[in-house]
Amino acid sequence: MALAPKPILELRPDPRDLAALEEALAEYPREIPKVLYRGLNAGIRTIRTQAAKIARKELGVKSSVLKKRLWEHKASAKQLRAVLIGGSVGWPVGAVATRYRPTATGVDVRIGRHRLHVEGGFEATMPTGYTSAWTRRGRARLPLREARTDSVTEAIERAAALPAITQAGRESMSKRIARETERALERIHRRHNRGASR
Numbered sequence: 001m002a003l004a005p006k007p008i009l010e011l012r013p014d015p016r017d018l019a020a021l022e023e024a025l026a027e028y029p030r031e032i033p034k035v036l037y038r039g040l041n042a043g044i045r046t047i048r049t050q051a052a053k054i055a056r057k058e059l060g061v062k063s064s065v066l067k068k069r070l071w072e073h074k075a076s077a078k079q080l081r082a083v084l085i086g087g088s089v090g091w092p093v094g095a096v097a098t099r100y101r102p103t104a105t106g107v108d109v110r111i112g113r114h115r116l117h118v119e120g121g122f123e124a125t126m127p128t129g130y131t132s133a134w135t136r137r138g139r140a141r142l143p144l145r146e147a148r149t150d151s152v153t154e155a156i157e158r159a160a161a162l163p164a165i166t167q168a169g170r171e172s173m174s175k176r177i178a179r180e181t182e183r184a185l186e187r188i189h190r191r192h193n194r195g196a197s198r
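Counting from 1, position 58 in the sequence shown corresponds to residue 58 in my numbering; the numbering is continuous, with no gaps.
Calculated from the structure, these hints are not laboratory results.
Under the rule of at most 30 Å between Cα atoms (straight-line distance), these lysine-lysine pairs were calculated in the DSSO-like manner:
hint : residue 1 : residue 2
1    : Lys6      : Lys74
2    : Lys6      : Lys57
3    : Lys6      : Lys53
4    : Lys175    : Lys34
5    : Lys68     : Lys53
6    : Lys57     : Lys67
7    : Lys6      : Lys62
8    : Lys175    : Lys6
9    : Lys68     : Lys175
10   : Lys62     : Lys74
11   : Lys34     : Lys6
12   : Lys74     : Lys175
13   : Lys175    : Lys57
Pair ranges (Cβ atoms, derived):
hint : residue 1 : residue 2 : range
14   : Glu157    : Thr135    : 22 to 30 Å
15   : Tyr130    : Pro29     : 56 to 64 Å
16   : Arg187    : Ala20     : 17 to 25 Å
17   : Leu185    : Lys78     : 20 to 28 Å
18   : Pro15     : Arg115    : 42 to 50 Å
19   : Leu185    : Arg110    : 53 to 61 Å
20   : Thr125    : Lys78     : 50 to 58 Å
21   : Ala164    : Leu144    : 35 to 43 Å
22   : Pro7      : Asn193    : 44 to 52 Å
23   : Pro15     : Phe122    : 52 to 60 Å
24   : Arg179    : Pro15     : 18 to 26 Å
Using N, Cα and C, we set each Cβ at its ideal position, and we do this for glycine too.
Let the hints inform the model, and build the full structure from the sequences given.
Dropping the structure here:
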């Protein structure tokens, strides 16, 4: 299992937004990268929020916990792209489970409203008081291996929700670019008016 975080989705400026922006700020090209990176960062924030909601539905893990394994690589004026990065390792079952139920083939684990079946697993409490679902490697009693949930990245990919998440991010980006364009023009006009009044 790969342990390194994995890029889930990359957001770049939409050609239509870029064309409209270049037309509106044709006389002030230095403002264009500023407007774009603010729009991209608004879009990637929306994508992260939507991705956390999808993963929560898939895994049953709280959004506040999920977001700790979803990172935004933000855009800048020099690098006009934003990336959502997701963790590639799931959570130890003992850290998120609320109930365990033995079955004929293993143990069912309750995580929020969700059920995770651990094939060949069993519930056990360690001397420290930590309870989780465990499996054995082979027939030997030890070592035990703690069961894990899917990673946030696996959950998002399994839900096949990337197109919808991307669309939500693009809409948020376009709206922010439109607002930032208006603000840039207002700032420019104020500067010109101040200069003319002197």
